[in-house]
Each structure stands twice: as C-alpha cells, then as structure tokens.
Amino acid sequence: MENIRYDLITALPEIILLGMAMIVLIADLFLKQSNRIAIYGLSQLGLLLAAYFTVTTHVPSVGYAFTGTFVDDTLADVLKLMIYVGTSLIFVYTRQYIQLRNMFRGEFYALVLFSVVGMMIMVSGQSMLTLYIGLELLSLSLYALVALDRDNHRATEAAMKYFVLGALASGMLLYGMSMIYGMTGSLNISDINHALMSGARIHSVLVLGLVFIVAGLAFKLGAVPFQMWVPDVYEGSPTAMTMLISSVPKLAAFAFVIRLLAQALPTLAVDWQQMLLIMAVLSIVLGNVTAIAQTNLKRMLAYSTISHVGFVLLGLMSASGNGYVSALFYIASYVVMTLAGFGIIILLSRKGFEAENLSDLKGLNQRSPWIAFLMLIVMFSMAGVPPTLGFYAKFAVLQAALQAGFLWVVVFAVLMAVIGAFYYLRVIKLMYFDEPQDNSPIVAPFDMRVILSINALALLAIGLMPQGLMSICFYAISRSLS
Amino acid sequence: MLDYFLQHILSFSIWLPVLAGGLVLFTANDSKPNLTRWLALFGSVLSFLVTIPLYTHFNFADGGFQFQERFLWIMSFNIHYHLGADGIAIPLILLTSFTTVIVVISAWEVIEKRVAQYMASFLIMSGLMIGVFSALDAILYYVFWEAMLIPMFLVIGIWGGPNRVYATVKFFLYTLLGSLLMLVAFIYMFHQTGSFAITDYYQLPMPLNVQVLIFLAFFAAFAVKIPMWPVHTWLPDAHVEAPTGGSVVLAAIALKLGGYSFLRFAMPIAPDAAHHLSGFMIALSLIAIVYIALVALVQKDMKKLIAYSSISHMGFVTLGFFIFNNLGLEGAVVQMISHGFISAAMFLCVGVLYDRVHSRQIEAYGGVANTMPVFAAFAVLFAMANSGLPGTSGFVGEFMVILGAIQVNFWYAFLASFTLIFGAAYTLWMVKRVFYGEVANANVAALKDLNKREFLILSILAILVLALGVYPQPLTDMTNATVTQLLSHLANSKLPVGL
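Chains E and R, in that order, are what the protein sequence lines are.
Start counting at 1 in the first sequence, then tack on 386, and there's your number in the numbering used here.
Start counting at 1 in the second sequence, then tack on 3, and there's your number in the numbering used here.
Any given hint could be a false lead.
[Unchecked claim] Okay, derived cross-link-like pairs now, DMTMM-like style, lysine to aspartate or glutamate, Cα gap no bigger than 25 Å in a straight line:
1. 116(R) to 618(E)
2. 737(E) to 657(E)
3. 737(E) to 577(E)
4. 451(R) to 441(R)
5. 116(R) to 824(E)
6. 547(E) to 537(E)
7. 748(E) to 824(E)
8. 455(R) to 480(R)
9. 737(E) to 414(E)
10. 173(R) to 746(E)
11. 116(R) to 821(E)
12. 303(R) to 441(R)
13. 547(E) to 621(E)
14. 173(R) to 275(R)
15. 455(R) to 65(R)
16. 173(R) to 821(E)
17. 451(R) to 65(R)
18. 451(R) to 112(R)
19. 116(R) to 6(R)
20. 303(R) to 203(R)
21. 173(R) to 820(E)
22. 116(R) to 621(E)
23. 35(R) to 820(E)
24. 435(R) to 366(R)
25. 303(R) to 358(R)
26. 748(E) to 366(R)
27. 547(E) to 618(E)
28. 748(E) to 543(E)
29. 303(R) to 452(R)
30. 35(R) to 821(E)
If you're looking for bench data, these hints aren't it; they were derived computationally from the structure.
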C-alpha cells in the first residue's frame, strides 16, 4: 500500500493533467461555442494545479516510483515547471488566433494537454520504455494538432510529413534501444549504466545501438543531418502549432538526451561525444547559412532553431556537469526567446491574414514602436548580443566546450554566430529601416499584449541578472546526476 | 550623501544617461518634439555634470584604478560588477559625456522624424560607452562593448543616408566578428585563472605562443574598432551614411574604444606578444598614416575625406602605443582626446553645410566664405587643427608621438611626419575648394550663416581645441602616473619562469 501511495503522489502532476484533459474532452461536448472559453480556463487551471503539486512534492533527493521506471528528481521538477509555464503562455498567445480560425474547440486543448503529459513522462522516464511511451504520446498529439485545421492543405501536408518522418525516427530509436537491451539485459536507465560499468560487452553492437539512438534523438531535436522535416513542418503548420512544436517539446527532448546518453550510457561518452560534435557543427553551419536565404519568417526561424539545437548539442557534447548545465540554460533561454518570437508573429496575424513573410514585418516601428522594440529584443537575443539572455546562453555553452578542450570548434561556432547575426539583423532592418507596406491596426487581447511584453522584456531582465536561472539549471543538474 | 555619490560616481555616470534615454523614449511622442528635445538636453547636461567630479576628485599621484565599485554579479562564473577608472579612462569618459551634449544640441531641429528614438539612442549609447571605459571585469566590459552596437546600428540605419542599410550591417558584423574572438580569449583566460577580473589577467603568466594568439584575438576586436588598415573599410561607409550625430559619436568616441582597449587589455595582458608583434603593429600604423592620407587626398565626398583622415590620425595613436615609451604613449592619449574634439567639429561643419544644401560633395560647393563668413572662420580653424597646426590640439599629440618615435627609430618618425604634409594637403585643399573662390552656384549664394545654436557648439569646440593646443597640462597631468605605471608593467615579461 505504501508503495502505491508513494507512486501515485510522485506522479500526481501527470495524473492531474491527464484527468483535466479528459474533463476538457467531455465538457466540450456539452458546451456551446459562446461558453467554450471555460475550456481555456480549465486547461490553465490544470497547468496551475500540476505546477502546485510539482512544487509541493519537490524534495532535493532523487525518488523512484513504479518499480524504478519513473523518476522524480530536481531536473524533472525544473523541466516540468518550465513546460507548464511555456504551455500556459502558448494558451494565452494562441487563444485569439485559433478562435479566428475555427479551431477553438476542445480537441485543441485536450491534445495540447496530452502532449504536455507526454513531455512530463519523457522528463521523468527512468526506463527506456517509459521514455518511449512519453515520446509517442507527445508526437502523436503533435501530429494531430498540426492537422487540426483540416481544410488547410499546407497543414495537412505538413502533418503527413511530420508523421512519416517522426515514425521513422521512433523506429530507429526503438531499434537502438533493443540493441542496448540485448547487450545489458535491462531497460532501466540505472541498471543499464551499472551493467555497462561492471562488465565487458561487445563494443561494436553497443555502438551500433548508440548510433540508432542518437539518430532518433537527432530527428526529434531537429539536428543536421536529420533536420529535413523542420522547415517544412514549421512553415506548413498553423503558427499556433509551430509555436508549440518549436518551444516546450525541446525541453522534453533535452531530458530525453540526458536520461539516455548521460545517465544510461555515460560509459560510451567517447563515442557519442564525437557524434554530437559532428551534428553540432553541421547544425550550426547549415542552420545559420541556410537561414540567410529564407524569405518566409517561419522557415527562417526553423533554420534558426536548427542552429540553436547545434549550440545545445555543443554543450551536451562536453559530457561534463558544466556542459549539461550550460545546455539546459541554453534550451531554457531558447524556449523563452522562441515563445516571444512566435507570440509576436501571432500578434501580427489577423483574421484571414497570416503574418509569415519577412516583408510582413516591414515598417513595424512605425506601426507600433512597442511591438517592434519587443521583436528587437528577441532578435538580438537570438543573435546572442548582450545584454540579452541569448548572450549568456551562448557564453555558457562556449565556455563549457572550451573547458572540454574544443578550442577550434568554439572559434568556428563563433564565426558561424556572426553569419547568424546577419539574418536577425535583417529582421530588424525590415522593422526599423523600411516603410510599412500594410497599415492595418494590430489588434490583440489585452492579456496577450501584457504577457507578451513581460515575456520579451524577461529576455532583457534575465540578461541583466542571469544568476537566478543559472542557479536553477545548476541545481537541476547537480542534484540529479551523480 | 556626497560620499555615497563619490563612491558610486561611475555607476551614476553610466546609468544616468541610460535612464534618461529610457525616459525620453517612453514619455515623449512625435507630436511634441520640443518636450523630447529639452528632456534629452536636460538628461545629457545632467549626465555631463555628474562626470565632472571624476576630474576634480581625482588623485593625480596615483596611476591605478580609482572610484572603484565591486560586487558579485554572476556567481556561477565569478563575474563581478567591477568599475574603476584610471588616468587614461577618465579623460575619455569626460569626452564621452561632453560629446553627448554636443550631439543632442546639434540634432535640435535637424532631426524631425522619430526624435525621441534618436535622442534616446545617443543617451543610452553614451552610458554604455562610459561603461566600456570603466569596466574592470572582462564580461561586464564585453556586455557594454556589444550593447553599444545596438543603438549605433539603429542610428545609422534609421536616420542615415541612402546606402545606410549596407553601411550599418557592415559596421555591425565587422565589429561583432572581432568581439566574439575576444570573447573566446576571455573564456580561455577564465579557465586559466577562474576569474574574469582584468587585474587577474595582468598577473597571469602565459607562454609566448598563447600570448600571441590572445593578442591576435584582441587585435581582431580592437583593430576593427580603431580602425587600423586593412580592416578599416567599414568606417568610410558608416561615416558617410550616418547622420551628423552618428558620425560625431563614431569619430569622437567609438574609435577611442578600440584605442583605449589596446591599453587596457591587449598590451598589459599579453606584453610579450605586444613586443613580439610591435614591428607588425608599427608597420600597420605607418601604412594607415601615409597610405590612408593619400587616399583621403582624392576623396570627392567631404564626410569620406574626414573619415579617412580619422583613420590616418588613429594611426598615430597606435604608433604611439607600440613604440613603448612615455612620450609616445602619452602623445597617443592626447591625440585621442584631441581627435575627439577636432573630428567632432569637422563632422559638425559638414553637417551645417549638409543641412542647408543636402549634398556632401565637394564639387557642390565653392565660395562658401562669401555667404557664410563666420562659419568659414570656424571651419578654417578646425581644418588647421586637423592638419596639426601648432597652437591647436592637433599639434600636441602628433608632435609628442613623433618625438617618441624618433627615440626608437629615425625612419618611423620620418614616415610619420609625412602626415603633417599630407594632412595639410587634403584638409586645406578641401577648404580651398569649398570655401574660397567665386560663389559656385545658386545654392551657395542662398546660404545663411550660422544660427545661434550652431555658433554655440562650434565655439565651445573651438575654445577646447585651442585650450588643449596651448595648455595641454591638465590632461597630461592626469595621464602621467597611469602611463608610467603601464609602461613599467609592459617592461616585465609575463612568460612562465623556466620556459
């Protein structure tokens, strides 16, 4: 009995959100369109409750539940809280957008909540199967979300592409996992680690399994050479979904990488370090160089994401506590920036008009100096120019890689960052130096404007005082990884 | 109260203009531009007044860092909010806050669109540049150094000339490239010392090959900013396209950031590399002095001509640094301050003409002295100062550097002194073509002489140029102790013992 009680308390946030998703689905059947706003409230309430229980059940030590397949450590709690905040922001930013496009239905909120549960399971997975189930729950919800606007051909195509390639990646991941299982006889993360430490195994089989696992992870993260789906899906999906895909799931993917590579397979670090290094360098090059040629804003941000993933991999590749902390810091910063960036794109869209081309930003400073200023902060943050948060993210990753001895990789990454700065500067150029093409007023709900402003200004505020976030990342890693 | 102020005077100097800029940005709108202008003027004058005690309360005998403030900023990386200024930094800080006042006044009715953003950019930039001059922590310094690019990028891009986008993007990317390499050097030294304190780096022994790499990383950042030949190509573009205020700030202060940083970072942190590469640095300086002066001679655009003349004069500054003697180094500092006044004045003069005729081409003018006699008098004075006439500030720095160079090598001094000929040639030839002769066209015939505002700023600058030329002692008194201390630090090898 005690065990079950502990298990249930440990997984309480997941259970609450799952329950809320069900309630949303059922309530949706009985609500008229005019009352549907209640669903929005319920979803936000669910996130709030989950956050409350995540905080109150938090202990500094590491706890295992469900016979060791589920872990509750500081890393999991921190990432979950970030996921709640991110998802809550997404709900605020997308409310008007989906209302105007006839997607304001229970399905949207239920699917997003399901995907959140998936992410939470990924974050807390301590067995390869739990991790996989979490990943699939997340992925399937996202495929459905992309296709939610069912009369939209581009979105359907994007969903198809996303599904096929995502399924392929899941297959590779499973295949790799099966090889590791074959070599170690366990699915449990810590058991695998112990098994690999204690005895000699056939190295080539392990590395083959590792290659598949890393390939699967790279697919999900969107790192080169597994990045093909990213620009197409970003461009084709409704902006609300693009915002979701590009932001919080990266936090879960980060946990996934930490659990599999840093916790289960640290003995193979020499091997995966090389793989991550190659992918990091290629992602940074391809992401930054290709982004220059884009005229579509969402596509440009897709390539920018690829380059950001490259930087995250650069931190992970260091395979040290310092490296993991820096990668976590980077990905948290990335999520804040991305949410603000897509929030502004959504703000500029209106009924029957999608702001998605770079030229739609022209003369924004004359249409609304405040929104242009917010976008300016986001762009400089993405480019890594101080005093914004993005600078410290790049700084942390670069110093970790340098500490691990990769001086020339760091110099190379820095040169690529300069190339990257160019296309962020182009966005600013369009907003500030060009004349506006369309002068229609920008309408948005008050709460969205306020929260978006806070979101973007946070980049500046945390940039001036980054220690808080750094400490959180430091404790998340140091208390969870022995 | 006064004690508290003096202990935190550098923080006040940095954050007051930044706050004033924010205030200007948020309280003013374009329908009431005069409110914005007065607010900006008030903010800049107040910011200037705040920096004055840096001079009056300076301990002239002490060459070290004064007015220090230090507290922990980012614990994870042992980064401190550490400020302090020595005899080289304080004149530059004063120059910065003074120039901002000039820029605000010079933009008074000239800038008509988005006045608040224009004024705010300059106020914020002023605070950030003072931050660069007073930061004693490498990351704090880097944050100010990079953040300063943002307002400058906007100033050139929004209020600049026809080719402004190309110029401003080039300016930004050039500078960013150099500074990121510097950041890598900082991180490297952080892993060696566990600290980002500049003074810790001064003590860090390093083998020569490491020192050379670090020196080159700094070189990439600072040579672009100064700018030295051959990485100077962004400057003529940026100057030509920038609005008058932007050109003034670029020439008067932004270029000094590079020069100052050589003294603060590259040379004391890697002194052996600095000696090792001094031949190279002197060669680049001499090329800038002679070759760029010749380039200036053939320019048709007045702003471009002054931009090239700036590069040539900054060549004197780097020459003064790398001959490693007292006269050279002090002369270089004097030259930096003097060039700040003279180049600001020259660009303001071009601005006066441009506001009236909307052309920067020399051939669009001729005989301006006939219609604008007062203005012509000022312009001739500043032109003389630019070509290094004794009695103006332009002479003092150049003369000291040449004297210093002659102690090291006769030919350095010989080549450097060519600038007195070429400088006079290109400046006076421009003056001749623009101001003398017959009235060239109807535009010139219709010119009105200086208004009160223009007269005010040009006369302040004229007084300063003459004062510094006749009596430079207040400045040299300030720099003396610091320069001596720096030279004795540079004389000691930092190679690890036993290598």
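The hints, checked one at a time:
no. : hint             : verdict
1   : 116(R) to 618(E) : violated, 41 Å
2   : 737(E) to 657(E) : violated, 51 Å
3   : 737(E) to 577(E) : violated, 54 Å
4   : 451(R) to 441(R) : holds, 17 Å
5   : 116(R) to 824(E) : holds, 20 Å
6   : 547(E) to 537(E) : holds, 17 Å
7   : 748(E) to 824(E) : holds, 8 Å
8   : 455(R) to 480(R) : violated, 35 Å
9   : 737(E) to 414(E) : holds, 24 Å
10  : 173(R) to 746(E) : holds, 24 Å
11  : 116(R) to 821(E) : holds, 13 Å
12  : 303(R) to 441(R) : holds, 19 Å
13  : 547(E) to 621(E) : holds, 12 Å
14  : 173(R) to 275(R) : violated, 33 Å
15  : 455(R) to 65(R)  : violated, 42 Å
16  : 173(R) to 821(E) : holds, 21 Å
17  : 451(R) to 65(R)  : violated, 51 Å
18  : 451(R) to 112(R) : holds, 16 Å
19  : 116(R) to 6(R)   : violated, 42 Å
20  : 303(R) to 203(R) : violated, 49 Å
21  : 173(R) to 820(E) : holds, 17 Å
22  : 116(R) to 621(E) : violated, 36 Å
23  : 35(R) to 820(E)  : holds, 24 Å
24  : 435(R) to 366(R) : holds, 11 Å
25  : 303(R) to 358(R) : holds, 18 Å
26  : 748(E) to 366(R) : violated, 36 Å
27  : 547(E) to 618(E) : holds, 8 Å
28  : 748(E) to 543(E) : violated, 29 Å
29  : 303(R) to 452(R) : holds, 24 Å
30  : 35(R) to 821(E)  : holds, 22 Å
The structure is inconsistent with the numbered hints 1, 2, 3, 8, 14, 15, 17, 19, 20, 22, 26, 28, although it conforms to all the rest.
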